[in-house]
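Peer 1: Okay, here's what each chain looks like letter by letter:
Number of protein chains: 2
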Amino acid sequence: VSEHRGSASPGPDFSPIAWRDGGLALLDQTRLPAEEVWLDCRRPEDVAAAIQRLSVRGAPAIGVAAAYGLALALGSGGDREAAGVAAEADSSESVRRRFEAAADLLAATRPTAVNLRWAIEQGRRVFADHAAGGREAARRALLEWADRLHREDVAANRRLGAYGAELFADGDRVLTHCNAGALATAGYGTALGVIQASWGVGKVAMVWVDETRPLLQGARLTAWELSRLGIPHKLVTDSSAGALLSRGLVDRVVVGADRVAANGDTANKIGTYPLAVLARRHGVPFYVAAPLSTFDAATPSGAEIPIEERDALEVTDVAGSRLTPAETEALNLAFDVTPAELVTAFITDAGVLEPPYGESIARALGAAEPG
Amino acid sequence: VSEHRGSASPGPDFSPIAWRDGGLALLDQTRLPAEEVWLDCRRPEDVAAAIQRLSVRGAPAIGVAAAYGLALALGSGGDREAAGVAAEADSSESVRRRFEAAADLLAATRPTAVNLRWAIEQGRRVFADHAAGGREAARRALLEWADRLHREDVAANRRLGAYGAELFADGDRVLTHCNAGALATAGYGTALGVIQASWGVGKVAMVWVDETRPLLQGARLTAWELSRLGIPHKLVTDSSAGALLSRGLVDRVVVGADRVAANGDTANKIGTYPLAVLARRHGVPFYVAAPLSTFDAATPSGAEIPIEERDALEVTDVAGSRLTPAETEALNLAFDVTPAELVTAFITDAGVLEPPYGESIARALGAAEPG
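Residue numbers (my numbering), protein chains in the order written: chain A, 455 to 825; chain B, 455 to 825.
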């Protein structure tokens, strides 16, 4: 994968995912905030590797990146050699095999975020509808569809942000966990979209940023976005929320989601569930901001959400240094599940959903189904 | 401060604090587990600096280290030149001034741990009782008293560990936070003393070790002690406790304390309070293991415990690397307060204290008063 340096400015129009010159450019989030490097992905394998190592992360962002990855399976537009596509590879069987291999590869990268699975299922339908027209027609259809997903995700986040801002009040001090910003989506962000929209109408005084161990998405990514947006913020360790809430320094908690089950149970970055428990204890609203694409009608409850376990090295080694004895092992669960009863409301692109969530989620998803 | 390398083996008799060759040797905990370096402290200033930078930490350990620091104020035994003590400095007024300056310096190092304040108050009484005999007599009395504190702390922790083991059951999976081991005391440890005693009678299956950001005392120090004691353990990020408890993987939580107020409210490493809230939600016992020297009858409740705020750099920089944008600020509260109602029991050297804590703590402290 080739790379190029950039100087991104996350503002209203920033996206960490861009189709450029027949390839997929991804801002490598593992290197932020020290370096702004874009990866030029030309093959589905490049995209899968970027998802797996968290160069692109966040449920909506990996859904959109995977969509472009499916289009890349069929070549990168005209330049057959660059795409490694030989002429004889254009038989319909060979094209189908290439597409399916890419779909399987991308689907296997990360198990928890439902947007990934959902994007790949949609992509399979787009391919099935256009495969008969040949490789190039299917490629163009997939690319148009990926572009549409990209635009729709940004639009969904803007709607979601506006709905969220209605819930906020002047002077709110808001706590967030991990990164659910423009970087975690095709643009604008979910939890940070709500914060950005609320800030835009003068409703946010400051943001408490959980650093979010082990990979420090809060310290590295959320702090980077808030710095560039000019929104006042303060970094804290993940274990500080209890003290902040005890001292009355938090008015609202808002987080994103990797998958919301049909009953409202929510998988999100490890550490979200403790925040929800603490917010309830202190009578502080706890919101989950997520587009409907993150809700999964096929998963009845949190018990059925697969939780990714990542490499123990992410915990034992920090910034390249081993900080713990060589013989010490670690358990690195990437997500936890917050039971629906602890969620004050879901802030979605179809409005604010309130309990009972089984009903409000089913209604929102039903209304969103294409007629 | 001169240094020498060692190869410590925390076992039943290990202490991170040792009087050697007329000076105070402190195992530099900021460099564990990578290096085992002992600091040779010859002046109260050396001890104060070691406490401030957390080369020695843990409420009981800093109480004992400060006691030796007071003795060092009066010279380091015979060798006047090494101690920088001139003959004319032996006037009773000059000795008193030197002692008082050391007491003030040591007392100001860290505000939360009550053992420090308590040790310095006791040291003042020892000095007052022996100052009339001249510098050398007072120095010897202080040194004997510091040695006694050292021995008594180890003995208290052994008693406390035995009481704690009675509460544990076969196969327990125990979660602990920060380091309340031999390293945090004069030896044997409080929370880790309980774990060690329980393990010794076959009652602990394994230990979940919270890494304990920002300074990673769990990942660095608790993991080091457990490794050397041969006790099975697994490291997790501080935000993992909710997921572990949800999955039924934790049978007990046991932590140390920096100060227990008269009503049982407990200041301990930031992140302790969220653990107590989560343990309560999941019906898992939450124990605080602390010698009576950590209980403070003069502090009515947690609201009156001063909470140290440490340098933001401890949060923004990890292992020497800046991980967050240059303009991002951090709040670094070193401790939080767990309300007494969330504590299942206090495990002390005078037995297990149960609610109502106002009464059980007063009774235990009253019985411990010297007749």
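Honestly, the hints are just simulated from the structure, not real lab data.
Treat the hints with care, since some could be wrong.
Which copy is meant is left open, because identical chains are indistinguishable; a pair holds if it fits in one copy or across any two.
As the list claims (entries may be wrong) - Here are the simulated lysine to aspartate or glutamate pairs, EDC-like style, with alpha carbons at most 20 angstroms apart:
1. 688 - 783
2. 688 - 762
3. 688 - 624
4. 657 - 490
5. 688 - 763
6. 688 - 771
7. 688 - 765
8. 657 - 626
9. 657 - 457
10. 688 - 705
11. 657 - 620
12. 688 - 547
13. 688 - 781
14. 657 - 781
15. 688 - 768
Bear in mind that the values here come from a model prediction, so they are computed numbers and not experimental data.
Peer 1: A separate judgement is required for each hint: does it hold in the structure or not?
Peer 2: To see whether the hints hold, each was checked on the structure:
1. 688 - 783: For residue 688 and residue 783, only the inter-copy Cα distance (5 angstroms) is at most 20 angstroms; the intra-copy one is 32 angstroms.
2. 688 - 762: So residue 688 and residue 762 pass the 20 angstroms test across copies only (18 angstroms; inside, 29 angstroms).
3. 688 - 624: Close inside one copy (18 angstroms), not across copies (44 angstroms); limit 20 angstroms.
4. 657 - 490: Neither, since 30 angstroms and 51 angstroms both go past 20 angstroms.
5. 688 - 763: Classified as between: cross-chain Cα gap 14 angstroms, same-chain 29 angstroms, threshold 20 angstroms.
6. 688 - 771: Classified as between; 14 angstroms across copies, 25 angstroms inside a copy.
7. 688 - 765: This pair counts as between: shortest inter-copy Cα distance 13 angstroms, intra-copy 29 angstroms.
8. 657 - 626: Answer is within: at 6 angstroms inside a copy they meet the 20 angstroms cutoff, but 48 angstroms across does not.
9. 657 - 457: neither (39 angstroms within a copy, 55 angstroms between copies)
10. 688 - 705: Answer is within: at 15 angstroms inside a copy they meet the 20 angstroms cutoff, but 35 angstroms across does not.
11. 657 - 620: Within one copy only: 9 angstroms inside, 54 angstroms across.
12. 688 - 547: neither (55 angstroms within a copy, 49 angstroms between copies)
13. 688 - 781: between (35 angstroms within a copy, 10 angstroms between copies)
14. 657 - 781: neither (49 angstroms within a copy, 22 angstroms between copies)
15. 688 - 768: Close across copies (14 angstroms), not inside one copy (24 angstroms); limit 20 angstroms.
Checked against the numbered hints above, the structure violates hints 4, 9, 12, 14; every other hint is satisfied.
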